[in-house]
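> So the chains spell out like this:
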Amino acid sequence: MQISDGLVYKITTYAILSVFGFVFLYPLLYMLSASLMSNLDLVDNTIEWLPSSLYTFNYEMTWKALKLPNAFVTTALLAGASTLSVIVSSALVGYGLARFDFRGKNIVFVLLLFTYIVPKTLFFIPRFEIFMALNLKGNIGALVVPALTGQGEQAALFILIFFQFFRMIPKALEEAAFLDGAGAVRTFWKIALPMVGPAFIIVGVYGFSIYWNETFLTSFYLEGKIQTVPMLLGDLQNTFGKVVNESGGGDFSKNPNLNFTEAKVFAGTLLSIVPLVLMYLYVQRWFVESIDKSGITGE
Amino acid sequence: MTTVTAKGNTEKEKVKPVKTRLSMKSKQSLTGLLFISPWIIGFLAFVAYPLYKTIFMSFYKVSFGLKTGWRYKWVGMENYKRILLEEIDFVIEAQNFFVGTLLYVPVIIALSIIIAMLLNQKIRGKSFFRLLFFLPIIILNGELMENMSKYGGMSIIANRFILDTLYTVIPSKSVVLLIGDLFELILQLLWYSAIPILIFLAALQKIGKDMYEAASIDGASPWTSFWKITLPTVYPLVSICVIYVVVFLANFEANPINTIIMESKFDGSRREGYASALSILYSIVQIALIAILYYATRSRNSKGR
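These protein sequence lines are chains A and B, in that order.
According to my numbering, the first sequence holds residues 9 to 307 in order.
According to my numbering, the second sequence holds residues 77 to 381 in order.
Wrong hints could be hidden among the right ones.
Stretch-level coverage of chain B by chain A, calculated; a stretch enters the list once three of its residues show a Cβ under 8 Å from a Cβ in chain A [to be verified]:
id : region
1  : 257-270
2  : 362-374
Each computed DSSO-like pair below joins lysine-lysine, with the alpha-carbon atoms no more than 30 Å apart [what the hints assert, rightly or not]:
id : chain 1 : residue 1 : chain 2 : residue 2
3  : B       : K129      : B       : K157
4  : B       : K137      : A       : K72
5  : B       : K304      : A       : K128
6  : B       : K304      : B       : K282
7  : A       : K18       : B       : K202
8  : A       : K145      : B       : K129
9  : A       : K179      : B       : K249
10 : B       : K198      : B       : K226
11 : A       : K18       : B       : K285
12 : B       : K137      : A       : K145
13 : A       : K128      : B       : K129
14 : A       : K128      : A       : K113
15 : B       : K101      : A       : K128
16 : B       : K341      : B       : K149
17 : A       : K75       : B       : K226
18 : B       : K129      : B       : K101
19 : A       : K179      : A       : K113
20 : A       : K145      : B       : K341
21 : B       : K198      : A       : K18
22 : A       : K18       : B       : K226
23 : A       : K128      : B       : K149
24 : A       : K113      : B       : K285
25 : A       : K128      : B       : K157
26 : B       : K137      : A       : K128
27 : A       : K198      : B       : K341
28 : B       : K202      : B       : K149
29 : B       : K198      : A       : K198
30 : B       : K226      : B       : K341
31 : B       : K149      : A       : K179
32 : A       : K179      : B       : K129
33 : B       : K137      : A       : K18
34 : B       : K101      : A       : K113
35 : B       : K103      : A       : K113
36 : A       : K250      : B       : K226
37 : A       : K145      : B       : K149
If you are wondering where the hints come from, they were derived from the structure by calculation, not from laboratory data.
Beta carbons are placed, not taken as given, at the ideal position from N, Cα and C, and that holds for glycine.
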């Protein structure tokens, strides 16, 4: 809706958006400037935003403390595998709900809503038991298997997304395929799936970031056998001291720059989000386009 | 059916009994069920059974020894009594969560609608702002939020320069502090608003421009067209967004309730039975919240559009 084409309105829009944008970006900018400061700069009252020199020591140390780039690869694999599983199961279930009628279909919808609304902690502890029994504890299966069976993180949402997209495909196409002798699986594979490209993008991008950032489940189910970047970030304070000692940085009492301050935390945090931001910059155009095309807002 | 046989007599043709075949409809049903079978398996294994187990465990004192396996001792309502009456850290947190969410949700929704409307305007740099506001979808997690807030990253009070500037403009110290607190709060809520902004923006973009043009030709002011066109389109989504926001806030790792539940599992005097009772109470709180907010914001479909 065009409020008006007038200059005043345009300026107001810019102004409000910029204010919100600034509020929004403030933490990131603050972290960036602080992370580039040595500890001496931090306590120096005269230095607020611009460090006296670009101090990269924090980044070097946290790079090692967070075990990058290995941790990036591990986390990416973990998130990637889980995301793929979620995509597969959501597409299957979404198609089944969109195109077929069977008794109890409404019950399935209600149950789907139920699994979404109820908090994770409710199922948490018995699932742990089941994973132990199925030997899924401590390896990636703890995340992948639920994802494959439609119970992954926010799976109800993803099933819903595929559901909406599949419903938008004109039925005539599928009927034509049926008349030509294609079975359900063929129709699904060759006709329905290629037409819901945007759904793959939405579920893929959003799902990947959810699984990357997932610390609740990983810290519990993986038992430290696989370390993701967010988990390592939580541990940064402990690992930092070790890394500094190993690299022969010197004595803590002599060199004040070695103390663990917020500069190091910020450096670590910023490092940890770099891959996600890169990925996001790359796909953001398709992501927003796909949301626009979806009927998720209901028609 | 009658046919003429070789002998020239008309004879009723015997209708051979058809072998029992599944009708089209039942074949369809079966295929549908097949497609959602993974979900059914998952639901039974990872939702239904754990739910039963959690409810079961909440009435017991559970302990697990590597040698003895799981041991259950029936304690009835003792876990619940302890949570509600004796060890009140959960009750306090639950109250905070309840009240907090009731206050935060309207603000988040209002902010999201405003920002979505602004992002829908024809301005240059639209893609830049979009990029900005959708960023939290990708990078937000409990660690990040915690790191940002713990070390003064989200508070302008920590930054003396800004504080002094504000103080010269607004000479009252308490007002400046208030602004600082507000800043931190709004910042946090903005980061949570990313997905609602997305949803509202997608809905707003569906409204064709011709709708507004027609309205303005008929003499509607921008305010009227906002009230009669934009708002009714967006309003049904509010209930959906509300559900999403509450679920998000409840499952967020930085939420202290989740920490309590996690730690209870390992706390020797509490263990899994206690934690299970906690989870059930928490679910009740959450469902109550969602029910209240959902019914408060549901659009009444009676009056036709």
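> For every hint, state whether the structure bears it out.
Against the structure, the hints come out as follows:
no. : hint              : in the structure
1   : 257-270           : holds (count 5)
2   : 362-374           : holds (count 3)
3   : B:K129 <-> B:K157 : holds (20 Å)
4   : B:K137 <-> A:K72  : violated (44 Å)
5   : B:K304 <-> A:K128 : violated (40 Å)
6   : B:K304 <-> B:K282 : holds (15 Å)
7   : A:K18 <-> B:K202  : holds (12 Å)
8   : A:K145 <-> B:K129 : holds (19 Å)
9   : A:K179 <-> B:K249 : violated (66 Å)
10  : B:K198 <-> B:K226 : violated (38 Å)
11  : A:K18 <-> B:K285  : holds (18 Å)
12  : B:K137 <-> A:K145 : holds (24 Å)
13  : A:K128 <-> B:K129 : holds (14 Å)
14  : A:K128 <-> A:K113 : holds (24 Å)
15  : B:K101 <-> A:K128 : violated (37 Å)
16  : B:K341 <-> B:K149 : holds (16 Å)
17  : A:K75 <-> B:K226  : holds (23 Å)
18  : B:K129 <-> B:K101 : violated (37 Å)
19  : A:K179 <-> A:K113 : holds (19 Å)
20  : A:K145 <-> B:K341 : holds (17 Å)
21  : B:K198 <-> A:K18  : holds (9 Å)
22  : A:K18 <-> B:K226  : violated (37 Å)
23  : A:K128 <-> B:K149 : holds (25 Å)
24  : A:K113 <-> B:K285 : violated (38 Å)
25  : A:K128 <-> B:K157 : holds (23 Å)
26  : B:K137 <-> A:K128 : holds (21 Å)
27  : A:K198 <-> B:K341 : violated (48 Å)
28  : B:K202 <-> B:K149 : violated (61 Å)
29  : B:K198 <-> A:K198 : violated (39 Å)
30  : B:K226 <-> B:K341 : holds (26 Å)
31  : B:K149 <-> A:K179 : violated (57 Å)
32  : A:K179 <-> B:K129 : violated (43 Å)
33  : B:K137 <-> A:K18  : violated (64 Å)
34  : B:K101 <-> A:K113 : holds (14 Å)
35  : B:K103 <-> A:K113 : holds (15 Å)
36  : A:K250 <-> B:K226 : holds (23 Å)
37  : A:K145 <-> B:K149 : holds (26 Å)
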